[in-house]
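Take the given structure of chain A and dock chains B and C to it, following the hints.
Now for the letters of each chain:
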Amino acid sequence: MSGESILFPYEEHEYTREGINMENIYNPNPGLPEFVGRTVLDTVGLVIPSIDVALRREMKLPDDVNALGVISSRTGAAGQICAVDEAVKNTNATLVSVELPRDTKGWGGHGNYIVMGGRDVSDVRQAVEIALELTYRNAGEVYINSAGHLEFAYSASAGEALNTAFSAPVGQAFGFMAGSPAAIGLVMADKALKSAGVTLIRYMTPDRGTSHSNEVIIAFTGDASAVKTAVLTAREVGLALLCAMGEYPEGPSTPYLS
Amino acid sequence: MSGESILFPYEEHEYTREGINMENIYNPNPGLPEFVGRTVLDTVGLVIPSIDVALRREMKLPDDVNALGVISSRTGAAGQICAVDEAVKNTNATLVSVELPRDTKGWGGHGNYIVMGGRDVSDVRQAVEIALELTYRNAGEVYINSAGHLEFAYSASAGEALNTAFSAPVGQAFGFMAGSPAAIGLVMADKALKSAGVTLIRYMTPDRGTSHSNEVIIAFTGDASAVKTAVLTAREVGLALLCAMGEYPEGPSTPYLS
Amino acid sequence: MSGESILFPYEEHEYTREGINMENIYNPNPGLPEFVGRTVLDTVGLVIPSIDVALRREMKLPDDVNALGVISSRTGAAGQICAVDEAVKNTNATLVSVELPRDTKGWGGHGNYIVMGGRDVSDVRQAVEIALELTYRNAGEVYINSAGHLEFAYSASAGEALNTAFSAPVGQAFGFMAGSPAAIGLVMADKALKSAGVTLIRYMTPDRGTSHSNEVIIAFTGDASAVKTAVLTAREVGLALLCAMGEYPEGPSTPYLS
Chain A
0 MSGESILFPY EEHEYTREGI NMENIYNPNP GLPEFVGRTV LDTVGLVIPS
50 IDVALRREMK LPDDVNALGV ISSRTGAAGQ ICAVDEAVKN TNATLVSVEL
100 PRDTKGWGGH GNYIVMGGRD VSDVRQAVEI ALELTYRNAG EVYINSAGHL
150 EFAYSASAGE ALNTAFSAPV GQAFGFMAGS PAAIGLVMAD KALKSAGVTL
200 IRYMTPDRGT SHSNEVIIAF TGDASAVKTA VLTAREVGLA LLCAMGEYPE
250 GPSTPYLS
Chain B
0 MSGESILFPY EEHEYTREGI NMENIYNPNP GLPEFVGRTV LDTVGLVIPS
50 IDVALRREMK LPDDVNALGV ISSRTGAAGQ ICAVDEAVKN TNATLVSVEL
100 PRDTKGWGGH GNYIVMGGRD VSDVRQAVEI ALELTYRNAG EVYINSAGHL
150 EFAYSASAGE ALNTAFSAPV GQAFGFMAGS PAAIGLVMAD KALKSAGVTL
200 IRYMTPDRGT SHSNEVIIAF TGDASAVKTA VLTAREVGLA LLCAMGEYPE
250 GPSTPYLS
Chain C
0 MSGESILFPY EEHEYTREGI NMENIYNPNP GLPEFVGRTV LDTVGLVIPS
50 IDVALRREMK LPDDVNALGV ISSRTGAAGQ ICAVDEAVKN TNATLVSVEL
100 PRDTKGWGGH GNYIVMGGRD VSDVRQAVEI ALELTYRNAG EVYINSAGHL
150 EFAYSASAGE ALNTAFSAPV GQAFGFMAGS PAAIGLVMAD KALKSAGVTL
200 IRYMTPDRGT SHSNEVIIAF TGDASAVKTA VLTAREVGLA LLCAMGEYPE
250 GPSTPYLS
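Residue numbers (numbering that gives the first Met the number 0), protein chains in the order written: chain A, 0 to 257; chain B, 0 to 257; chain C, 0 to 257.
Isolated chain A, as found in the complex (with noise of 0.2 Å):
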């Protein structure tokens, strides 16, 4: 997953006119500069040129951030962290905070809420057009039917967000899935950590390190390939469980891991 490849000339249009995505990306213009564009999963990404002050206090932001930008969405962990983890390697923002809500709208799972800083609202607006192209994308491994959903995500290389998030190792490979009802996770993290050589970072319930939700967690690192293999099979175990208890699940855009 190289930046590069993925990554559209934000320079060369708004969310406002024509370009490619806008048919998932729509943005009605609420006639508010705060407002960049929104994405599947009910996600919206917002800048904050220059912080309140009594805010800035509560948010404990350092004295060199005075824009933020924000992405949050309804439905959504991985992906969205991943995106903004793009997004802050690829700009000048830094990550502020990652919180995951119990949402899911209805779901057994979280919504997310994220906040990147940056000098001036030209850099934080930047990374959040990147992070929501890229949860548009990384959506498509989001699948949700009528018994519960599943998410996975994959980065070659982790950056600020992934380890504030889930303790990732800067630079390493990492891998993420999420199943519910939670159950459903727990075999499905048994079947990933059997299938390759890769070390655990991060096993959550809904007691532990989750805001309750239904869903058995796990983050971890190793060889890239490795991560990869373990994020497939997870995928698959998920897929044939999630199916066995309902419909098959749709996402909201294209899967895209392989």
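Simulated from the structure, these hints should not be mistaken for lab results.
Please note that a few of the clues may not be correct.
Copies of the same chain look alike in the list, so a pair counts if it fits in one copy or across any two.
[Stated by the list, open to error] Each computed EDC-like pair below joins lysine to aspartate or glutamate, with the alpha-carbon atoms no more than 16 Å apart:
#, residue 1, residue 2
1, K104, E57
2, K193, D51
3, K190, D51
4, K227, D206
Predicted model, so just to flag it, every value in this text is computed and none were measured.
Chains B and C only, in chain A's frame:
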């Protein structure tokens, strides 16, 4: 917002009889003296004339509390707390506890569970009736669309319930706003705080002060007109952003802040 | 509630073949030996013959546990815990953990994630089969309408799972009730505790002991007939209140307590 102008003469009718707002507050009378009424947002109002001794111990009730009045809803927080705030001011009931479950029937926010106490059942019954009536009115400032929701509240003079729930200074003006997904709440908060000279008293996010809801929430105090201005600014910004994510948000009753 | 009269002869059929209750427990066989079956309330039953070593460490499993049996559901708590309680009593499986995510598919309660352990997979498979069968039966005491939900459970003799989950005294009668929105749970609890000489063993609210669900929950023990009376009283009150808020609540199977 003066108590007198809002409160209907509860002495003169019961919820089971014809009366003002009966179309909004439906009581099929389950044959239980505990049932007072219900209203929008799946809100129910109940009384317990003399609470069981084991529950009394668990709830750590003061000795002079025998009767309980209870309000709870699947959706909404500040509106119902403001309603109870007025109810406690205008009756002999006192506040026992305010809890905010993670609910909203599949949306990203809170419901509520609010307990009032009194010496006898007539005290708490009157308080529950007032709280139900005001819950209906306050629900006009709840806005829900397919992408997210907004909630606003304003009191010219905070009382016991707002003090307990949000550390609002008693006797001072109180303002509240919540936006979901959380990112839109942050932009609303920033705009509100900059719009007028108000003092931030509570900043809440998915991991801070909420039940892991997908919201940024702020509460603030200050001069009454400044607080009102800040609430209305947040509402304008929030509606613009929520409309940018989906259809115009409907509410269960009529907006009343202006 | 005696084990013998409830349990079907699992030795004689598999879920993939024709058999008793097959209309309720559907198994399209995903081609994975881990899949045992599914039943109402989006409940799945799975086994792991030999758990991965990294997961074993995270789960702090005892040395003599090699195989895991897992039950989890999007909706329900006490019914599935009671089901596992009987399953553990009647097999060589032991209880590993009980967790209650905030779920119920958009309603105000919990789902569940329950792990059992055993020396080998035949022990836990049998336990999962029993737990699935009893989950179907116990789901008859889950009541859901558009406003909220109720759940009831009763065991003549609590075992390991009820002891772990609710501190129920082993070998004693166990009663459970939950009501949502929370206020109706409090009135149900008050009526139940006053109806018979039972001892309160657990009092749970949105901020206490739950995963921020919109419920008041109590568990209690005592003489078997008193515990049964208290459960039935809570059910009568709860149904009256829930009907006062909306339509008559349907359940996924047939009420069985009487």
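* Asked: Any of the earlier hints contradicted here, and which numbers?
  -> Of the numbered hints given earlier, those the structure breaks are 1, 4, listed in rising order.
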